[in-house]
Amino acid sequence: MKPVLFATLIGGTALAALPALAQDAACEGEPVTLRILRTPGNYPYPAPMEAWQKDHPCVSFEINEVPFAQLADTISVQASSDNPPDILVYDGPNTQSYAKAGILLPLTGYLPEGWDDEILPATKAEHSYDGEVYSPGIEQTTVAMYYNKALTGAAGITPPQTLDEAWTWPEALEAFKACQQGEPGAPEVWGLGPTRFGNGQPGLVYQDLIYQRSAGDPDADPESSAWKTFWAMAPDGSTAEGYLDTPEAIEALDFYRSLFNEEGVAPKAGIPNAFFDGKACFYIDTPAAGSALLKDPVIEWGITPIPYFKTPVVHTGSTTFGVASRSRHPEIAVQFAVDMAWGEYAYMNVSQRGNLPTLASLFERFPVYQDYPMKVFVDQLEAWGQPRPPSPHFAQYDRIVTDALRSVAFGGDPEEAMADAEREVARALRR
Amino acid sequence: MTAIDCPGLAAPTRPRRTPRQRRDTRAAYAFVAPFLFLLLLFQYIPLAMMAKNAFMDYSLLNPDAAKFVGLLNFEDMLVFDDARESLAATFLFAFGVVAIVIPLGFVLALFLNSKLPARGIVRTIIMLPVVTSAVVVATMWNFLLDPSNGLVNGAVTAVGLPRQPFLTSPDQALVMIAVMTAWQQVGFAAILFLGGLQGVPKELAEAARIDGATAGQVLWNITIPLLSRTTLFVVVIMTVFSLQAFAPAFLMTDGGPQDSTNLIVYHIYKTAFVMQNAGYASALSVVLLVIVLGISLLQMWLLRARWNY
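So the protein sequences, as listed, match chains L and R.
Mapping to my numbering: the first sequence position 391 is 389, numbers consecutive.
Mapping to my numbering: the second sequence position 298 is 360, numbers consecutive.
Honestly, the hints are just simulated from the structure, not real lab data.
Just so you know, not all the hints are guaranteed correct.
[What the hints assert, rightly or not] In silico lysine-lysine, BS3-like type, Cα no more than 27 angstroms apart, as pairs:
1. 129/R to 98/L
2. 293/L to 373/L
3. 98/L to 114/R
4. 98/L to 122/L
None of the values given here were measured: they were computed from a predicted structure.
So here's chain L without its partners, still in its complex pose (with noise of 0.2 angstroms):
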């Protein structure tokens, strides 16, 4: 038996040690290993980096993973300390606040040629800062309105399915009505469905500012509170102060205040799966969700574009990286991020999670995006996207903007709401 047992051991040794020896046989500089801080399921994925690995075979990785809403706090941490990750992966538009902080390494001069041409204009200006590209992007999202079929069609609803029909926000309330199925404000089936975002509460920059957003025009002239009530924050991230609080925002919250209060169709309170449970008629999201039901279409689905008031949009914005500047190998942590978000690597990234590619060329390679449904995606990312306000201190104009939106969906009233969201960022801003 003994012998038996010693030569498992040993065997079973020598196997585990085989993949260390073939990289240590390949290896002919000094070994670097490359600390990548992300969320959990996000990217640089398995795959391309093992590919990338068997062109630098003197690189090994070693991953943290933090859930989504401990990262800005884990970067608040490590990023200034003596040993931080060489790779961070961070909200896009955060870029601007890491960036002026120093904790981002500037990429612009090693980004591949044709990168400008390549790039969405939405991505390119939410990851630089003072004229310097911190993060090439690998992904892009924005958010579209799911339905259910069965229930829509239930309440003969059809749902326009082109940006050029798409409904205005007072249409898509009329349609949550009909489709509705109990009181309001306590139905079995709610006509919005909540938010998978955060803890399901409303409120979000992300999703629920383009409502005012949307009830403003950036072709206005630019004093006037149209043009303001567009951009939501002095294009130049100056300051806040008559952006938010403008007549045209606060007719649009008032709307966004009755959805949950005196229309009673959207809920206050997450609803874990909600859509997905045939719970709610309407639901928006990310392409994420689409993928999900393409691969289990556990209801019957069709997007339709997000409704507006007066100008349609979008905001865009992903997860991101970049190479933090105290970065103890910056070379190669440089060359890792560009090429990640480049060619062959950057499709094997964008496929893993069924997000949208940020290069214009990778979009031909995903036909799923060619047509309706997922299209819907594409063609409001092109026509309709803008990024949230980008500042050097988004972190806290989303905390507080997330804020005065939560209180006026819970009932608050919205000219006071954003008022103190004025102040608190004109306090922000004033560091």
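Fit chain R to the given chain L structure using the hints.
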């Protein structure tokens, strides 16, 4: 006057320490040293750094760029409403928790100290929330208080009352998280009171009953006064727990609606990590520390025991 002026009265001298005593002292220091070192490293040095940071303006993203701003962070507490509102919400919350926990914990302790049946089961039931994670408790109460599908609203509508918004109403959210916290902590208070009750000499109550006192009179005139030390301890512990509460605001309400549940510790966390204003967060922490110390001292003075047994 000195000892020399008083013949016959020798100056008190310290008794010589034996080698055994010196050895014991060295051993005691050796045992205590690791704890003292950790206390210094993880409590007092951070406290000192916090006090220093209260006079700085900096973000966690870029601490190297910190600059001295004097009393600006403390001035901001007076200029802006957030600190006042958050402290007011926290005091209301603490008052609510203590007001519920003290009488309820005492009544439960009386029950557990009696010879009534089912004491074992009740003891287990009231202790379960105490040992359950705050995250689990908050998640469970989130479901219970759901405005549309929650069990509590099911009961409310079943008796013909209108559905309540609970956690989404600025008027109700703070009350509900105070109730939830009290529900979780009442078992702990009951066990503390039970310990106190079992330490009250039985002879006093027996003597009073022989003299004709009713059960109520014994409770009011003997038991409650003799429990004043335990009551003091429970009040201080519950107040400090409540002033340090974080989980309900973080997990259930995000500090809302309209900042009505923006408890001070959550506000400090949000200020440092989300708003990236670590200097102001440090200043808020200093103020909280002073307040907690002050309240503890005041309560200990007000509720000091006047009886010994």
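**OP:** Quick one: which hint numbers does this structure break? Sort them smallest to largest.
**Re:** none
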